[in-house]
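Engineer: Chains as they are written, first to last, in this note's numbering: chain W, 7 to 122; chain H, 739 to 847.
It is possible that some hints are incorrect.
Said to hold, decoys possible - Straight-line Cα separation of at most 30 Å, BS3-like style, residue types lysine-lysine; simulated pairs:
hint, chain 1, residue 1, chain 2, residue 2
1, W, LYS77, H, LYS780
2, H, LYS740, W, LYS61
3, W, LYS63, H, LYS817
4, H, LYS783, W, LYS63
5, H, LYS846, W, LYS76
6, H, LYS842, W, LYS61
7, W, LYS19, H, LYS783
8, H, LYS834, W, LYS24
9, H, LYS834, W, LYS63
10, H, LYS817, W, LYS77
11, W, LYS59, W, LYS9
12, W, LYS63, W, LYS24
Keep in mind the hints are simulated off the structure, nothing from the lab.
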Amino acid sequence: DVKVTQSSRYLVKRTGEKVFLECVQDMDHENMFWYRQDPGLGLRLIYFSYDVKMKEKGDIPEGYSVSREKKERFSLILESASTNQTSMYLCASSPGNRDRVNYGYTFGSGTRLTVV
Amino acid sequence: RKEVEQDPGPFNVPEGATVAFNCTYSNSASQSFFWYRQDCRKEPKLLMSVYSSGNEDGRFTAQLNRASQYISLLIRDSKLSDSATYLCVGVYNFNKFYFGSGTKLNVKP
Numbered sequence: 007d008v009k010v011t012q013s014s015r016y017l018v019k020r021t022g023e024k025v026f027l028e029c030v031q032d033m034d035h036e037n038m039f040w041y042r043q044d045p046g047l048g049l050r051l052i053y054f055s056y057d058v059k060m061k062e063k064g065d066i067p068e069g070y071s072v073s074r075e076k077k078e079r080f081s082l083i084l085e086s087a088s089t090n091q092t093s094m095y096l097c098a099s100s101p102g103n104r105d106r107v108n109y110g111y112t113f114g115s116g117t118r119l120t121v122v
Numbered sequence: 739r740k741e742v743e744q745d746p747g748p749f750n751v752p753e754g755a756t757v758a759f760n761c762t763y764s765n766s767a768s769q770s771f772f773w774y775r776q777d778c779r780k781e782p783k784l785l786m787s788v789y790s791s792g793n794e795d796g797r798f799t800a801q802l803n804r805a806s807q808y809i810s811l812l813i814r815d816s817k818l819s820d821s822a823t824y825l826c827v828g829v830y831n832f833n834k835f836y837f838g839s840g841t842k843l844n845v846k847p
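The shape of chain W in the complex, shown without the other chains (with noise of 0.2 Å):
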């Protein structure tokens, strides 16, 4: 089984802190991609990554920013947290277009992050 690792599952932070998020995938994904989920407003893409070093804005980038060193690791970075910022992030990886077939993503666990 894919598995979509995320390095906390609960987070409090202080505003104005920069915070790193991390995400860890294991079976050689080309694309990666972190959101938000809030309630009401379910998920919305943040930044997403098609292959090392390359990124790409999502729906709401704002107040964000991404890292993708390595093909496994996928990092979200919030420069200067904020209350509204406060929010579950999820991480995803898939397995890109291969003979342009759409797989499912795999979801991390979850980061439920409190800016205070």
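Given chain W, work out where chain H should sit, using these hints.
Structural biologist: Below, chain H without anything else, positioned relative to chain W:
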């Protein structure tokens, strides 16, 4: 307007009931669709893919109607363990997934 919309529910049904959820999507260029299941405080997990011809997996049947731009999920003989939130997903450009906000199902004894 959201790319993918679902009735948030909750749908409260007795054990053994048949329940159906619909999900509409706005982008006719979407290539494929999925249903995910999410338990409380857990990550979403892939339930099934959705094909135009319809597909069935045990008590679950998924259907895609491209003409009307909706997908559906039918659950027969509901079990208590089916209680969860069900998310529908539309995929564009083969990699960009848009999730609905989810439909909550409560199956009661």
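Engineer: Which of the numbered hints above does this structure break?
Structural biologist: Structure breaks hints 3, 5, 6, 10.
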